[in-house]
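First to last, the protein sequences are chains A and B. For the first sequence, the positions run 1 to 235 when this note's numbering is used. For the second sequence, the positions run 1001 to 1235 when this note's numbering is used.
Be a bit skeptical, because a hint or two may be false.
Unchecked claim - Here are the simulated SDA-like cross-link-like pairs (lysine to any residue), alpha carbons at most 20 Å apart as the crow flies: (1) A/22 x B/1022; (2) B/1022 x A/90; (3) A/22 x B/1090.
These are computed hints drawn from the structure, not numbers from a lab. Please read all numbers here as calculations on a predicted model, not as lab measurements.
2 protein chains.
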Amino acid sequence: MAATRTYQLVLARIEEDLLAGKLGVGGRLPGERILAERYGVSRASVREAIKVLEAMGMIRTAVGSGPEAGAVIIAEPAAPIAMALRWHLASRHLPVGDIVGARVLIESWSVAGAADRVAGAEEIDLRPATALLDAMDAPELSRSDFLALDADFHVILAELAGNIVVSAVMTAMRQGIHAYVTAAVDRVADWEEMAARLRGEHRGILAAVAAGRGGDASLAVTAHINGFYTDTGVG
Amino acid sequence: MAATRTYQLVLARIEEDLLAGKLGVGGRLPGERILAERYGVSRASVREAIKVLEAMGMIRTAVGSGPEAGAVIIAEPAAPIAMALRWHLASRHLPVGDIVGARVLIESWSVAGAADRVAGAEEIDLRPATALLDAMDAPELSRSDFLALDADFHVILAELAGNIVVSAVMTAMRQGIHAYVTAAVDRVADWEEMAARLRGEHRGILAAVAAGRGGDASLAVTAHINGFYTDTGVG
DNA sequence: TAGCTTACTGTGGTCAGACCACACAAATCC
DNA sequence: GGATTTGTGTGGTCTGACCACAGTAAGCTA
Chain A
1 MAATRTYQLV LARIEEDLLA GKLGVGGRLP GERILAERYG VSRASVREAI
51 KVLEAMGMIR TAVGSGPEAG AVIIAEPAAP IAMALRWHLA SRHLPVGDIV
101 GARVLIESWS VAGAADRVAG AEEIDLRPAT ALLDAMDAPE LSRSDFLALD
151 ADFHVILAEL AGNIVVSAVM TAMRQGIHAY VTAAVDRVAD WEEMAARLRG
201 EHRGILAAVA AGRGGDASLA VTAHINGFYT DTGVG
Chain B
1001 MAATRTYQLV LARIEEDLLA GKLGVGGRLP GERILAERYG VSRASVREAI
1051 KVLEAMGMIR TAVGSGPEAG AVIIAEPAAP IAMALRWHLA SRHLPVGDIV
1101 GARVLIESWS VAGAADRVAG AEEIDLRPAT ALLDAMDAPE LSRSDFLALD
1151 ADFHVILAEL AGNIVVSAVM TAMRQGIHAY VTAAVDRVAD WEEMAARLRG
1201 EHRGILAAVA AGRGGDASLA VTAHINGFYT DTGVG
């Protein structure tokens, strides 16, 4: 497979334009027919390249005309990572447990770092996290709504690291195992008890961060994640 | 963009077969024409799905006949992550510095964990890492060969975590910024001095792990990574 | 019968062309 | 001026033709 495929040539040209600043997030690629003519290839090859760019979270396509039509350049790095994780989980190459472990790594590091910054008298805005936990206290929350807010809370924790790559990886891991988590939660017998415990643990994590206790925050989030997955049998 | 694309339908069908165990790593997808007929779609749509699977590190395609022809199912989760990072770096959405930071997170955690296990009297095989550092001592090593061995060493450090997801992410980050690192190293004036220092730092990291000093190992790898990127101006 | 050569088959790769639905903008009509 | 129609460029999908390739099977020769 040493020969370069035509669609890969197309991708290389597009990458050049990105690196040169001719293309950027919020802009649009020229139409498929124009690219095909410009690069001297068939439209099918252009389309293949476009599909890869979609999978990479780089573009979003739409038919029609006007500003939303065509291939708009976007920035969603978590999506391809999530997709890759999902595929490799499906093929059984990646164990779910390793994703759990990687989550522990990221979130414990993130909350510890945030707590340390609090301890160093730095201002950290925890209001979004607090608001989310308040929303999670709604009494008639369905399991899936609970899980969605739970995921959001954990993404906020990861974002405390202030590192887009780490946040993207974290978001991707949540999305990649979403189906497993949803199925497992559906099988939990006493969901109310579990949800109440999760809520309490969330509060504990956030309190440790707000108090600048990095070690406590790290231990709390580790126990929280491991406990959830142990109880639900995921990983 | 609510309508599902035909190629996405094809992907969904293939994912089902993976989850059902009908397909697996080392096996082969049926030919494009067969899939097109089976799923009732055009071959072009099948090809688009195949391109996405290639980008996801799930398959490798080859023309011809025989066991290596067609779409062979592989397991390379790092490749799509690396590709995604590369694309999002090119679009300037992800800062290189965040990849550096994420590397610090992963490697410091990994070496600390390994050192702690050594301290707990667990056997860890550090011979591959040692052999690599020996290879890096070759006097006539070119910059690019040095960097390749350097990357391998760091992947070994990440693999000490014993977590495939973490290793894949780490490998992906190395690959995703490879071009930036190579260009920066080409610009280093006193490469011999830098290479000698890097070699020494590698030895220090490995010694701390072997001695079970988790804190030292973590600090050493953090200083090593940050120092390299500061000196080369990457991130 | 064994070894070499040729033909066949299925594979992915690429191209060209036709047609569709769509979304917006411009032109036309009332 | 507002409503309707037309035009245009967009991506989406399909069909069919042809190519190069890699292995296997069949045929031929010593």
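Regarding the pair residue 22 of chain A and residue 1090 of chain B, is the alpha-carbon distance no greater than 20 Å? At roughly 11 Å apart (the allowed maximum being 20 Å), residue 1090 of chain B and residue 22 of chain A satisfy the hint.
Is the Cα-Cα distance between residue 1022 of chain B and residue 90 of chain A 20 Å or less? Judged against 20 Å, a Cα distance of about 11 Å means the pair holds.
Given hint residue 1022 of chain B paired with residue 22 of chain A - CA-CA distance at most 20 Å: Violated, because 45 Å separates the two Cα atoms, which is more than 20 Å.
Hint violations for this structure: number 1 only, all remaining hints satisfied.
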